[in-house]
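Colleague: What follows is the residue order along each chain.
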Amino acid sequence: MLTRRRVLVLGAAGLIAVPGIRLALATAPTENRVVVVVLRGALDGLAAVPPYADKDYASQRGSLAFAAPGEEKGCLDLDGHFGLNPALGDLLPLWQQGELAVIHAAATSYRAHSHFDGQDMLETGGATHALADGWLNRALGAMPYAGSRALGLSVGPATPLILRGAAKTGSWEPEHIIPPASQDFLDRLADLYKDDALFSQALGEGLQAQAMSEEVMGKSAGSARNLNGAQYLTAAAEGVGRLMADPRGPRVAVLEATGWDTHQGQGLEKGRLALVLKGLGQSLVKLKAALGPAWQRTVLVTVTEFGRTVAVNGTGGTDHGTATVAFLLGGAVAGKRVIADWPGLAQEKLYQGRDLTPTTDLRAVLKTLCQRQLEIDEMTVENRIFPGSRQAPAMGDLLKA
Amino acid sequence: MTAPVAAFTAVNRFGLGARPGELGEAAADPKSWLLAQLAQPDASPAIFTGLPQSPDVVLELLTLRRQISAARAEPASQAAPGKPSAPAPDAIGRFGREIYLREASARIQVQLQTRQPLIERLVAFWSNHFTVSIARPAVLGLAGAFEREAIRPHVIGRFHDLLLAAVRHPGMLIYLDNAQSTGPGSRVGRLRNRGLNENLARELLELHTLGVDGGYTQADVTQFARILTGWSVAGPREKNPGGFIFRHGTHEPGEKVFLGDRYPEAGEKEGLDALALLARHPSTARHIARQFATQFIADDPPPAVVARFAEVFRRTDGDLAALTRAAIDAPEAWAEPLAKVKTANEFVIASLRAVDARLDQPGTDKAVIGALKGLGQVPFAAPSPAGWPDRADGWIGPDAVMERADYAATLARRLRGRIEPSALMETSLGPVATTALSQAVTRAASVDDAVALILASPEFQRR
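Protein chains in written order, with numbering that gives the first Met the number 0: chain A, 0 to 400; chain B, 0 to 462.
Note that these hints are calculated values from the structure, not bench results. Be a bit skeptical, because a hint or two may be false.
In silico lysine-lysine, DSSO-like type, Cα no more than 30 angstroms apart, as pairs [as the list claims (entries may be wrong)]:
id, chain 1, residue 1, chain 2, residue 2
1, A, Lys335, A, Lys54
2, A, Lys167, A, Lys285
3, A, Lys54, A, Lys269
4, B, Lys372, A, Lys167
5, B, Lys372, A, Lys193
6, A, Lys399, A, Lys72
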């Protein structure tokens, strides 16, 4: 089921031009900052934050299970029950400093398995079906501020749905770094080409040549493309951080990262997922540095459309699932906690017998950000920003008092 | 209602890829949809208004060259005050580049917007057949004008007229060096010790008319070059300033023997007679027929089709509209809808047509030229006088396929939120979209990936 909301028309806004971001002198409604990182493709929460002490974890996860911290192929420890994927090791100091919290077993209200529809729901904040504009744009419109400057910022030539709507937003793009097609995309293309000898042979040789040159350079296959994607994310995070650090800059920003749809060769401490996680962790550290003192007033949240299956599939990966993790970072976060009403991984506890069961509504987290960080009153949040989400009230203790 | 496969063939094999709605327009009667374009061609699209004509470009180039060499001869200290300062040494290059970018941009716009894509395909085919490439910087400001002035008016006219217009255009005369070719026995040749340049004569025989196996010898090339001496570009004080001129002073005097025929000394008429003969030569008919069939039927077209096209060409005395109708009527053209691969230009234009792109923001046309450069087909920059390749192996290799994937991903990213994948698949590919593609689109990790998969799919890259 695809939504037919999007129309096949290129508007008056041009095809390729990217409007520059302008800093305006007007007073902002708040000094607080919110960054939303959209992880497109469905992040495997059980790989990012493995519940290594869950008695069913190792057996249910099989070859994708981390050992306990300190052991061979072990994860990093968070709280004695949950661990951190070693590829996210760059974030461990933030955990130690109390600037990182994890929401586990969280999900939007979407319960099917289409990326498009799941992302639509995640970005519009709809309850049962997608709305027309992004929840973050509605939040911008609701901020107690009547100035004309764009308070919201996205990266790249087109505004992501989460930030699209009536409220004015800006966009910016790191110069000279254009992310090429990701390795994941090329793999899908290779699959699509398999019935066309000409294209499949050419792409096969292209991928082989790429792998060979990377082997010579001492990297794993596809890493240059993933690295380039990570470089782009790092440059984007750094740029966004610098723009937001300026008192005249935007208060809300959206970053996007891809490469999470790990159906094949997901890997454990190495592999496809580790590469993108590493890039994500490094980028977030750069963002913190670029924000400077503004970090203290920042909350960053990572969101993804859904999680992945508990069990490994037939190709060393995981398929579309349900609950996953959201990371909460920033000086304003009451961190060093994994916040979860943990459902467990025993077979009978799994959602539809295959997925991590959602026990936290992601909208509760996002509503908290709207109320506490963007200072929008509760009624507005309930009625306009996340309509139909009363059963998921804002969470009182996510942020520092 | 899904359009029939023939509609896809009409707008891709014979067109530039479907704009939204175009498959539907062609669906009722694909052949008539094509034939209607031949009936009322728009000879000079409005987009070309204001582009300079070739004589003006030639004269400006000559003026700049004169001013620059005069400034070199005269040291700056002696320059009279109040006298207009000399143009900068790179003025010629800048002048050419400025015109080139306008021409390239205009052609992209025409290909993007045209309602007569068959006519544009014919322009591209014949422009490639008579390549004038900016690989020679001297024609930077002339390549676009060459296509507009010499090719475009004749694509459904007579081959003989097209041939004459192409050969006598300043762009071609400069690109293939005939403007400087001098009969060694001519007045100027004897006076200044200058001589023949066989470049144009050779390419005319090998590429433009008879074909490499068309039955001519090196002696014929030399004789033809002698015949063509004097065919040049007029200076500001000559007849037809900036345009074609026949100069007696550089024409090789005396009798020539070309392809077994005697050409008694007759000045410009020798060349006109030789070209008339070449236009009607059976080898030319075969050569053109093979190229036309390769363009519109298959990389290796069936010999029967080539023979049929050659017969039409011969019977109609090179009526290019009749040749085009023969291609449209050929059952072979409709049998394998994905037999041909799109060139980089066709691929980029098809992708932009498919998403109904409007390049009305500043810099967007340059971005498209940049994309074409990345994919290996800079406008008007064919690598040699033989033009761009017209076979799949000339376009689809390991690098190219990765570059096209990158292009598709980048374009999809820029189109975010404006394109609905399943609608794009329906309006651009219609009946030829495979189940594998629609499954891949449904399973794509994001809308961006879904759009990119459609654009990079084999069915989108073929025609």
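Colleague: If a hint holds in the structure, say so; if it does not, say that too.
Modeller: Quick rundown of the hints versus the structure:
no.: 1; hint: Lys335/A / Lys54/A; verdict: holds (23 angstroms)
no.: 2; hint: Lys167/A / Lys285/A; verdict: holds (27 angstroms)
no.: 3; hint: Lys54/A / Lys269/A; verdict: holds (24 angstroms)
no.: 4; hint: Lys372/B / Lys167/A; verdict: violated (35 angstroms)
no.: 5; hint: Lys372/B / Lys193/A; verdict: holds (28 angstroms)
no.: 6; hint: Lys399/A / Lys72/A; verdict: violated (35 angstroms)
Going down the numbered hints, you'll see the structure goes against 4, 6, while the others check out.
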